[in-house]
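Chains as they are written, first to last, in this note's numbering: chain G, 1 to 354; chain W, 1 to 273.
Worth double-checking, as some hints may not be accurate.
No farther apart than 25 Å at their CA atoms in a straight line, the calculated lysine to aspartate or glutamate pairs in the DMTMM-like style are these [said to hold, decoys possible]:
#1 G:K170 / W:D243
#2 W:K200 / W:E237
#3 G:K310 / G:E322
#4 G:K175 / W:E248
#5 W:K204 / G:D31
#6 W:K204 / W:E96
#7 W:K52 / W:E66
#8 G:K93 / W:E96
#9 W:K52 / G:E51
#10 W:K200 / W:E148
#11 G:K175 / W:E251
Only some residues are given here: those of chain W computed to face chain G with a beta carbon under 7 Å [stated by the list, open to error]:
#12 G97
#13 H116
#14 S120
#15 L127
#16 F149
#17 N151
#18 G153
#19 R226
#20 K227
Simulated from the structure, these hints should not be mistaken for lab results.
In this text, all values refer to a predicted model and were calculated from it rather than measured experimentally.
Note that beta-carbon positions come from the ideal geometry of N, C-alpha and C, so glycine has one too.
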Amino acid sequence: MSQAPAPEKPAVTSPELEELEAAAAAFGEDDVSPEARAARKAARKVRQRLEIRAERERRAYLDPNRPLVQAPLVPPAATQGLLEVFRRRYLLKLLVRREVNARYSGSFLGLLWSYINPASQFLIYYFLHVLLLGRHATPNFAVHVFCGLVVVHFFTETFNAGTRSIVRNKSLVRKVAVPKEMFPVASMLVSLFHVGPQLLILFGLILIEGFNPDPFVPLALLLGLGIIMCLGTALALIFSVANVYFRDFQSVVSILTNLVRFSVPMIYPYSLVPERFGPAAQYYLWNPLASAVLLVQRAIWYPATGDEQKDALKELPHRLIELGTIMLLLSIVTLFFAQWLFRRLEDRIPERLN
Amino acid sequence: MTSILTPGAAAPDEFPASTSIVVENVTKTFSLRYHRTFKQVTVAKMRGEKTKDDFQAVDDVSFTVEQGESIGLMGLNGSGKSTLLTLINGTMKPDEGRVLTRGRIAGLIATSAGFHPQLSGRENVFLNAAVFGLTEEETKDRFDDIAEFANIGKHMESAVGNYSSGMSSRLGFAIAINVDCDIFLADELLAVGDRPFKRKCIEKMEEVRDSGRTLFYVSHAAGSVRKMCNRVLILEEGRLVFDGDVDEGIEYLQYDSDGDDDEREDEELGADI
Numbered sequence: 001m002s003q004a005p006a007p008e009k010p011a012v013t014s015p016e017l018e019e020l021e022a023a024a025a026a027f028g029e030d031d032v033s034p035e036a037r038a039a040r041k042a043a044r045k046v047r048q049r050l051e052i053r054a055e056r057e058r059r060a061y062l063d064p065n066r067p068l069v070q071a072p073l074v075p076p077a078a079t080q081g082l083l084e085v086f087r088r089r090y091l092l093k094l095l096v097r098r099e100v101n102a103r104y105s106g107s108f109l110g111l112l113w114s115y116i117n118p119a120s121q122f123l124i125y126y127f128l129h130v131l132l133l134g135r136h137a138t139p140n141f142a143v144h145v146f147c148g149l150v151v152v153h154f155f156t157e158t159f160n161a162g163t164r165s166i167v168r169n170k171s172l173v174r175k176v177a178v179p180k181e182m183f184p185v186a187s188m189l190v191s192l193f194h195v196g197p198q199l200l201i202l203f204g205l206i207l208i209e210g211f212n213p214d215p216f217v218p219l220a221l222l223l224g225l226g227i228i229m230c231l232g233t234a235l236a237l238i239f240s241v242a243n244v245y246f247r248d249f250q251s252v253v254s255i256l257t258n259l260v261r262f263s264v265p266m267i268y269p270y271s272l273v274p275e276r277f278g279p280a281a282q283y284y285l286w287n288p289l290a291s292a293v294l295l296v297q298r299a300i301w302y303p304a305t306g307d308e309q310k311d312a313l314k315e316l317p318h319r320l321i322e323l324g325t326i327m328l329l330l331s332i333v334t335l336f337f338a339q340w341l342f343r344r345l346e347d348r349i350p351e352r353l354n
Numbered sequence: 001m002t003s004i005l006t007p008g009a010a011a012p013d014e015f016p017a018s019t020s021i022v023v024e025n026v027t028k029t030f031s032l033r034y035h036r037t038f039k040q041v042t043v044a045k046m047r048g049e050k051t052k053d054d055f056q057a058v059d060d061v062s063f064t065v066e067q068g069e070s071i072g073l074m075g076l077n078g079s080g081k082s083t084l085l086t087l088i089n090g091t092m093k094p095d096e097g098r099v100l101t102r103g104r105i106a107g108l109i110a111t112s113a114g115f116h117p118q119l120s121g122r123e124n125v126f127l128n129a130a131v132f133g134l135t136e137e138e139t140k141d142r143f144d145d146i147a148e149f150a151n152i153g154k155h156m157e158s159a160v161g162n163y164s165s166g167m168s169s170r171l172g173f174a175i176a177i178n179v180d181c182d183i184f185l186a187d188e189l190l191a192v193g194d195r196p197f198k199r200k201c202i203e204k205m206e207e208v209r210d211s212g213r214t215l216f217y218v219s220h221a222a223g224s225v226r227k228m229c230n231r232v233l234i235l236e237e238g239r240l241v242f243d244g245d246v247d248e249g250i251e252y253l254q255y256d257s258d259g260d261d262d263e264r265e266d267e268e269l270g271a272d273i
């Protein structure tokens, strides 16, 4: 019930107050002797106390008919994990935007750097592998490499930033009951946001060179990116908690991400793997990252190989789409497992962040 | 009965509809780790020293709060006040017992949380409000109030990293205090800010209290608790040792024994944690 503040002080009285005020009055208004001052002060103090008390008692009355909050009585910390993240997608959007804006804030070219960065990388790889090493055996090798680069970057960015995400946002995590899954997920989305410009550059390139699309292009692309989204989020979830307990994990993750670019058919063609490893090569495809790279290559590189498409087909494993689907499903299972593990470990996060 | 959507929710008839906060046999244990690196732990183990120690920051605390009550939470430093507040806030979960709350929680416990130094004041307002659970529309509705309350003028459009500490905490308070909430938690109240701003905050807090919201106020200042609250809880080493009348509570703490400092306290409202 909304009450108007009391306009005047409530009338108060008590035997003690009367006694003190009488004693103070006995000195007379003009008496400035220490005794008189002390008496007035004592009376004033008691009066003040009584007034505050009366005011408080007036407030303490809770109107039984006051309007009540129509919400259920729930544990304040209850969250539904990733579901809750989805429910609070407005906050998620702002967190993602914060990261994206903050990355290039204070720079003159701003978001243009998202294009300059991959473009320069493309040129480096083009120079190195096509002009310097002359790998003509693989058709359109520059695009082959760049497809891999997009996937590898997406994954390593998600993994690295995701692992640090909870520690980096400790001011939030320690003070507010936001679902903590929010931060790894936001890291993944920030990385995904930067995939956009890279794909644009890539598509621009192959449109100039000649692109021969087929219905599998969007499917393979979505499968490839979907695998990384799920797997990256899953690993980010697990390692972000682990990193709260021991910061060693962020170092472990940077070592792991260094390995990633060599574990996928990016700077070497897929056909090299069976050639060198023989029957052991089948296990190579158990790596979901390799499948994701191959899928993106299937989507973008393969239709851009022009006359050499027959040669290009040799660089892709059989039944790639089926393999990709299985890998995506496995990544989703991993995500569920990561969520389960996260829920078990998250309770002690706020107190371990310091 | 537990709803599928919110695990741990109270059964419909378990508490009256006027209950705002339920704290039931809540215990929170922290472990103190003396060593963190592998080397230190190994050395300590070999010497037979303890590598960790448990202590109970909150120890079997129970109370319920009615909607519209304003509670003063008092106690010495390290008695568990802030931990209890974070448990009610939902940032931490109790190890034992349960905490239940009704409605949206906001307050001065999370001011400036998530502020990004490179974003403008305006962007940070939207972000911080979203952290409290406000939607975009709700924030837009309140933006003018927030800007007026923070009173930082044209700095609203510049990066928060350039703000003085006073300005950024003013902005933080302005957001927190303008969030429509059902439970308002106040901690570390007004440690910064000039006098007119403090006065403004106190007035706003009184407004929050008088609007029938539940107020939870952590303070050492007897004077402001007297004015602000109508019930006092006192924690001592994690245990709830007093729950009741404000004057009796302050007497219990003996914050009053040195007598004539009411006027001084009033000036120091809250600048005390």
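Earlier hints that do not hold, by number: When the structure is compared with the hints, numbers 1, 2, 4, 5, 6, 7, 8, 9, 11, 12, 14, 16, 17, 18 turn out to be violated.
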